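Enquirer: Sequence:
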Amino acid sequence: MRNKRFEQTEIQVKKGTTVTWTNKDNSDPEYMPIHTVAIDLLNVKSPDLEVGGGARAVWSYTFNEIGEFEYYCSIHPVMTGKIIVVE
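For the sequence shown, the positions run 1 to 87 when the UniProt record's numbering is used.
Hint data in this document are derived by calculation from the structure and do not stem from the laboratory.
Predicted model only: the values in this text are computed from it and were never measured.
Possibly wrong hints are sitting among the right ones.
[What the hints assert, rightly or not] For lysine to aspartate or glutamate, the following EDC-like pairs were computed, each having C-alpha atoms within a straight-line distance of at most 16 Å:
#1 Lys15 with Glu68
#2 Lys15 with Glu65
#3 Lys82 with Glu68
[Unchecked claim] Here are the computed distance ranges between Cβ atoms for each label pair:
#4 Glu87 with Gln8: 19 to 25 Å
#5 Val86 with Arg56: 27 to 33 Å
#6 Gly54 with Asn3: 27 to 33 Å
Where is the CB? At the ideal position from N, CA and C, for every residue including glycine.
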């Protein structure tokens, strides 16, 4: 995540792959640099991902189901992406 967007908006991975998101966005507090990753189809949402490079800036999820999974930031819904999971 950088500049209020996901850097890779669509990726394809194999089933069982762990995908990691890192908040590398602007640290200006007026900008609201906190982000999340929400995957409604899997009923999954990350905690708030803070800026700063520490443990609170990173979240990972292992995709164990085949399919196409759209995700977004619940704080900034214009930030979207898709994970395509194949066998």
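Enquirer: Take a look at whether the Cβ-Cβ distance between Glu87 and Gln8 falls inside 19 to 25 Å.
Expert: Cβ of Glu87 to Cβ of Gln8: about 21 Å, so the range 19 to 25 Å holds.
Enquirer: Could you say whether the range 27 to 33 Å given as a hint is met by the Cβ separation of Gly54 and Asn3?
Expert: Between Gly54 and Asn3, where Cβ atoms are some 20 Å apart, the hint is violated.
Enquirer: With the threshold set at 16 Å, check whether the alpha-carbon distance from Lys15 to Glu68 stays at or below it.
Expert: holds, 11 Å
Enquirer: Lys82 and Glu68: Cα distance at most 16 Å?
Expert: holds, 7 Å
Enquirer: Would the pair Lys15 and Glu65 pass a check requiring their Cα atoms to be no farther apart than 16 Å?
Expert: holds, 6 Å
Enquirer: Is 27 to 33 Å a correct range for the gap between the Cβ atoms of Val86 and Arg56?
Expert: Hint holds: Cβ distance 31 Å, inside 27 to 33 Å.
Checked against the numbered hints above, the structure breaks only hint 6 and satisfies the rest.
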